[in-house]
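Asks: One-letter residues, chain by chain:
Protein chains: 4
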Amino acid sequence: MKIFDELESNVRSYCRSFPTVFTEARWSTLIDERGREYIDFLSGAGTLNYGHNNPILKQALLEYIESDGVVHGLDMATQAKQRFLETLDRVILRPRKLDYKVQFTGPTGANAVEAALKIARNAKGRSNVVSFTNGFHGVTLGAVSATANSHYRDATGLPGMGVSFAPYDGYMGPDVDTSEYLAQVLADGSSGVDLPAAVIVETVQGEGGVNVASFEWLRKIEAVCRKHDVLLIVDDIQAGCGRTGSFFSFEKAGVSPDVVTLSKSLSGYGLPFSVVLMKPELDLWKPGEHNGTFRGHNLAFVTATAALEEYWRTADFSGDVERKGRAVRNALEEMAQADQRLSVRGRGMMQGLDCTDGELASQISRNAFDRGLVIETSGADGQVVKCLMPLTISDETLAKGLRILKASVEDALSDSGVEDLEMAGVS
Amino acid sequence: MKIFDELESNVRSYCRSFPTVFTEARWSTLIDERGREYIDFLSGAGTLNYGHNNPILKQALLEYIESDGVVHGLDMATQAKQRFLETLDRVILRPRKLDYKVQFTGPTGANAVEAALKIARNAKGRSNVVSFTNGFHGVTLGAVSATANSHYRDATGLPGMGVSFAPYDGYMGPDVDTSEYLAQVLADGSSGVDLPAAVIVETVQGEGGVNVASFEWLRKIEAVCRKHDVLLIVDDIQAGCGRTGSFFSFEKAGVSPDVVTLSKSLSGYGLPFSVVLMKPELDLWKPGEHNGTFRGHNLAFVTATAALEEYWRTADFSGDVERKGRAVRNALEEMAQADQRLSVRGRGMMQGLDCTDGELASQISRNAFDRGLVIETSGADGQVVKCLMPLTISDETLAKGLRILKASVEDALSDSGVEDLEMAGVS
Amino acid sequence: MKIFDELESNVRSYCRSFPTVFTEARWSTLIDERGREYIDFLSGAGTLNYGHNNPILKQALLEYIESDGVVHGLDMATQAKQRFLETLDRVILRPRKLDYKVQFTGPTGANAVEAALKIARNAKGRSNVVSFTNGFHGVTLGAVSATANSHYRDATGLPGMGVSFAPYDGYMGPDVDTSEYLAQVLADGSSGVDLPAAVIVETVQGEGGVNVASFEWLRKIEAVCRKHDVLLIVDDIQAGCGRTGSFFSFEKAGVSPDVVTLSKSLSGYGLPFSVVLMKPELDLWKPGEHNGTFRGHNLAFVTATAALEEYWRTADFSGDVERKGRAVRNALEEMAQADQRLSVRGRGMMQGLDCTDGELASQISRNAFDRGLVIETSGADGQVVKCLMPLTISDETLAKGLRILKASVEDALSDSGVEDLEMAGVS
Amino acid sequence: MKIFDELESNVRSYCRSFPTVFTEARWSTLIDERGREYIDFLSGAGTLNYGHNNPILKQALLEYIESDGVVHGLDMATQAKQRFLETLDRVILRPRKLDYKVQFTGPTGANAVEAALKIARNAKGRSNVVSFTNGFHGVTLGAVSATANSHYRDATGLPGMGVSFAPYDGYMGPDVDTSEYLAQVLADGSSGVDLPAAVIVETVQGEGGVNVASFEWLRKIEAVCRKHDVLLIVDDIQAGCGRTGSFFSFEKAGVSPDVVTLSKSLSGYGLPFSVVLMKPELDLWKPGEHNGTFRGHNLAFVTATAALEEYWRTADFSGDVERKGRAVRNALEEMAQADQRLSVRGRGMMQGLDCTDGELASQISRNAFDRGLVIETSGADGQVVKCLMPLTISDETLAKGLRILKASVEDALSDSGVEDLEMAGVS
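Chain order of the listed sequences is A, B, C and D. With my numbering applied, the first sequence covers 1 to 427. With my numbering applied, the second sequence covers 1 to 427. With my numbering applied, the third sequence covers 1 to 427. With my numbering applied, the fourth sequence covers 1 to 427.
No lab work stands behind these hints: they were computed from the structure. Treat each hint with caution, since some may be false.
Given that identical chains are not distinguished, each listed pair holds provided it fits within a single copy or across any two copies.
[Claimed, not checked] With a straight-line cut-off of 16 angstroms between C-alpha atoms, the simulated EDC-like cross-links for lysine to aspartate or glutamate are:
hint, residue 1, residue 2
1, K58, E33
2, K101, D89
3, K101, E281
4, K286, D154
5, K101, E6
6, K101, E86
7, K279, E6
8, K2, D89
9, K2, E86
10, K124, D154
No experiment lies behind these values; they were computed from the predicted model shown.
When you get a sec, could you build the whole thing from the sequences and use the hints?
Replies: Given below as structure tokens:
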């Protein structure tokens, strides 16, 4: 890995946690240059919900490239885009009775968030936006202003502007309903929190540590928004595209966001692709006002269309995700029995093992990698081991991965137990 | 195009100028659903320097996909990335004696600019950055703060912060050396322009209207930067990757930027891909501080590597670009003879026909499209017809495209002459 | 009052609540042009703690003016300033073992706050400051950013920057210790609240509605500050200078602010005068860095010196304030018996009658004015009738004023009862 | 001066340049504690246009205080305020056909500027304001954002927001008409300078180095404002109240500002006092939106009224200022003959001797103080010796002061000549 050390910026990160050179990948398996196989419980941080190099999508992709379909076309109309729009409408929006306009933003989640914030600020003529503790929305200046973690915020070299933070569900402990705090500060003209254009929220906070908002809390947040003519933006970049079971993570909560951001698994093949969905009356954009070179990544349109057709025309896939999600949950609950520091939370196939202690979680991740499992930590202190395996993972591979994880937890606990004893002995 | 009107946001733009549904593309030719062919003088706004679906790159891409090479890997080490780094170093950096660290940012130019601004602000501990009139650097909040055009700035709903604007070369007319103005305001503690962390500049402003900075002016700007310990950032997203003849647009100017942003034609195949190059001492990033899902777009690594190998190992390609650039220039100069409102400027194969009048330029673009040529306008009022044909365009196609352009200009002039007469008659 | 309506800006405010032209004033009495006398329970919003035209101060002032003492001297050294500094040190600082440097800022409270915020931001190299719900610190851009009320915030035409708001003591109801919320968000790197340079707090919020922070809460806030190397700024502009009993309002809480702002009653005669007190190690100012024309208002030095000598060399005055404060409290408590909407809170001679309802409070104030008592409302909805009579008020006048207030409350309640009945009848 | 060194903040400034303790002052004379007399060419930086302790104003002040006139009344209506408004209207506004509403802001110039900026931003719904190189408007956050000097800007610990700087008249040398630069950037939607709510300008920049805008330039700036529906704010805090001859400094330029700020010499006696004048249609304030404790400084109303009555009912005073201004100018011109580094500029009795070199100017100021003349330097490098003697100075004292200044210049030149020779000898 010499070339990476010499030439690549210090900012590189995952390659430090998983220090090998990967070459091939199929479904839930990564293979490195030495031929070693790894089960992938990371999935590109939720980008590979349908698995690595999913053969159905691959086929569509190869055919399109071979036929010299337009690859890059700015935001010109192309057949690939046409098909994507038609499929999104038919397979996703209409069955859910969702009336949204689609904006193709720059192909990163952060870019979609930047667009969503502009939409809100312009529609309401207000500069403030409310975001939540532990929220993560990207690292470009507009998006990072809504991102809670100081690791990212401090890097800008500028003070945040235009975002106020409110406590997420559960942030103040089980006895405080934090939606009431938001209700209070918005109702109170002297709270210091300027009436926002929008509230931006993840239904499950991925980077923030697999924090799960209850459906009731989400409905209360929506009610606060409605009361004060504030838009509700759901950032569904990590939790969307089936991760929690339904296509959108907010479906079962019964809320109706004004703006939704999607990215990560949207293309289905790991290709950069993002959209913003917005209620039609919010589509106040002037042509070209939010532009960008890669808004028309036609290869992504092709794979995204194939993914929607394959996985979302029936409820089967969704049901399968829920079934496997329960299996993951049960396995994690079992692991958590081993130590009182451990607890489990999540929704669908987005489950976290909270280890309280970042070092412990990190040790588990390292142990897993040694045993052939790629899994990352999340949360402010990296204290949560986050399970984001492909949704298409086979039962067998899933079981194998969970066994490795369990062993990794046990090893880490016994190490940390030893350490604790040693430390106790020393002090 | 019904589905676009119904479902796609009003923000869509190019599809309004070129209202047809494109299906295929090869080299310099776009084909629409009715089988009509168009010569492409737009090239994805400079993203397709090597032509649409360049067969050399296509071959590499297909092989990689077929072999199930890793497509998405966050910023994990992959073989494709390894090869790209090695090739960039061998083919581009070392021959030019450039000592840069490479940061893989989110795959948009705006994201690279955001990273570059963070690097500068953190390295210098200052919040201000100087950008130039008519500069374009993207539309995410950090990047758009450095973008001059109010069309993009106003959409944020927030006041700009952390950027001061200075007049670009030629902005104050031929008699004023605007580098001296920058020199003065930076030397003067009472100019109101806070000492910046960096100056960010395009050597040729693409979106801004094909404004060309002289090499001398660029050297003077660099000298001002050095004098005040200010970083020089060259945004080479549109002018780089060979567009002006050399790989980097600043090579012949003899300046040595501290930070360089690259995107657009970097992947060579229209795939989203961006990097920041920075002098090693500026690589103060903490791991993961600037992150993002699509920093490791391996398909782009593959095509970028193929493009570097194919076009940049010798000086041939570069020489050919200069030769064709002169041909374009000469043809435009000839067209400009027809009317005193017209003038030509540019460098290499980035040439603009300034029509003074946005409506005239727009008419030329419309005429061209009707005749089978895709070409866009740029500049604050859209007054500049911008030639950005693929660098690989054949002499024959180039000649044909220029003939269409000439006819489009002539038609527009005769129309506008008629209109002028009519208006004169009416008033 | 024709000239005021015609020439003075709409921004005028108190003259609308108390619509008469005042001519003379002595101690606790205001006299208007028709010779009508009013008892003053407003005291220039806490600026006239020693009474209108206090004869002891008046004597010192007249002598100084008659002798042609320097009136205006920028921040040059003058005898009057020398004496003020010496007296402040001898009478106030040294007996309280407070080691502060004194900064003469522009003569408004807002200017002192602006200076305090600069001190904090520069000393800590951080941009964020934490302020509290319902906090009021002035309306210049820096100060208003720390002021919670949107009435003032919205007038700037700019988004707030550099201030995060936290809930004040009691804001989330009696069961939530809001100091723990602050402790949590500062300890949590992913709370979205950037580590602040300082926390700025009023021990009793005057404009915010006579909200009283408990001494324990103040100590906890101080402890949070110490833990995170954050400065504690007490804005003692309204609650200081004896209003709560002690000279500084924080004395009994046992906290040791790093920075203190004083203004309002500091001159003792209603003359514009403000200072910032700061721990010596924070005095990192370069000469002239925070300047202003009226930092050396020598007439204010003269009356301030006389006030300190007269009222603060012994504990008598302080004791008297506490005694009268209890009397006010008792009277208000009695009034509050009349209606369940009414409640009382305050400290020393800063007591508020919370009427829950802004219209009711406003009616009480109007009734009082009709009966010869000047008293204002405060709080986000103007729902709190605020008692800020001169600390030097005679027992007799105080009793008379409280009788008027009581009658005004009773009238307002009976009116509002009638209205309620009428409204009930109508609906 | 021990107490100042020990207790007063390092921010103190003038007391370092004029290190003595002043006790008394009359007209143009300051007297220190050792009885030494100084001629005052500083006048509280333009605050004492009518002289120290002007006996006419003093008489009015003493009578008011003795009669227990209301001293402090927030913004309640008082007889003193009524008389001031009536006099301002009769003596100043109506004769000049100026239709302005009057806002009593906090009693500092900075506070008036803060209010003026709010008025503009709210009236136009835009956040940007254009200010000029070397402009000084105060040091509170809003005002300092419009102040050019980094000495003040850097102290805020926050990046500037909402202000763009343009070159003042003459900033780019005699051959460049900087009003055209402003015209260009405002007409150009791609200049990076957002359309401002207002342009704020001093007709003569006092703190900035006695830079004089030509009347023609001011008219051009006004024309640019009118063309783009941008407000023109004249900050007349230092140049107003007769300093340049006329009451307002802009009268002879023939411009009609939308908003004017006045302070410094407005009270005439050195008492803190500021107002904003605005065209009636801009008076969109809600009651109390810009508040503050000391907006009703009745002592200042009394002396201001007396000053207007005494000095501005006829043209005599104005004529006298112009006559003395010419005398000062001639004397300075003569001094400037002595060395090619010296030049003179100014208007009326606001004249500067530009020494090119800050150290030379500083030496002149020190020499003058030693000889009994108080005079300060201004400009970005303190390179300009600024003459701001009281407008009421007697011809005799003026002549004496100018003789001292001449001798101080000669001494400084001969010293600096010696130094130059010494330095030449060494190197």
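Asks: Now, for every hint given, state plainly whether the structure supports it.
Replies: Comparing the hints with the structure gives:
For the identical chains of this complex, K58 and E33 are neighbours neither inside a copy (22 angstroms) nor across copies (24 angstroms), given an alpha-carbon limit of 16 angstroms. For the homomeric pair K101 and D89, the shortest alpha-carbon distance inside one copy (10 angstroms) is at most 16 angstroms, but the shortest distance between copies (44 angstroms) is not. Taking the closest pair of Cα atoms, K101 and E281 come within 16 angstroms of each other only inside a single copy of the chain (9 angstroms); across copies the shortest separation is 41 angstroms, beyond that limit. Only between protomers do K286 and D154 lie at most 16 angstroms apart by alpha-carbon distance; the minimum there is 11 angstroms, versus 33 angstroms within a single protomer.
When the C-alpha separation of K101 and E6 is checked against a cutoff of 16 angstroms, the pair qualifies only between copies, where the shortest distance is 8 angstroms, while the shortest distance within a copy is 46 angstroms. Proximity of K101 and E86 under a CA criterion of 16 angstroms is satisfied intra-copy only: 12 angstroms inside one chain copy versus 43 angstroms between copies. Taking the shortest Cα distances, K279 and E6 sit within 16 angstroms of each other only across copies (12 angstroms), while inside one copy they are farther apart (48 angstroms). Within a single copy, K2 and D89 get their C-alpha atoms only as close as 47 angstroms, which misses the 16 angstroms cut-off; across copies the closest is 13 angstroms, which meets it.
When the C-alpha separation of K2 and E86 is checked against a cutoff of 16 angstroms, the pair qualifies only between copies, where the shortest distance is 10 angstroms, while the shortest distance within a copy is 47 angstroms. Proximity of K124 and D154 under a CA criterion of 16 angstroms is satisfied inter-copy only: 14 angstroms between copies versus 29 angstroms inside one chain copy.
Checked against the numbered hints given earlier, the structure breaks only hint 1 and satisfies all the rest.
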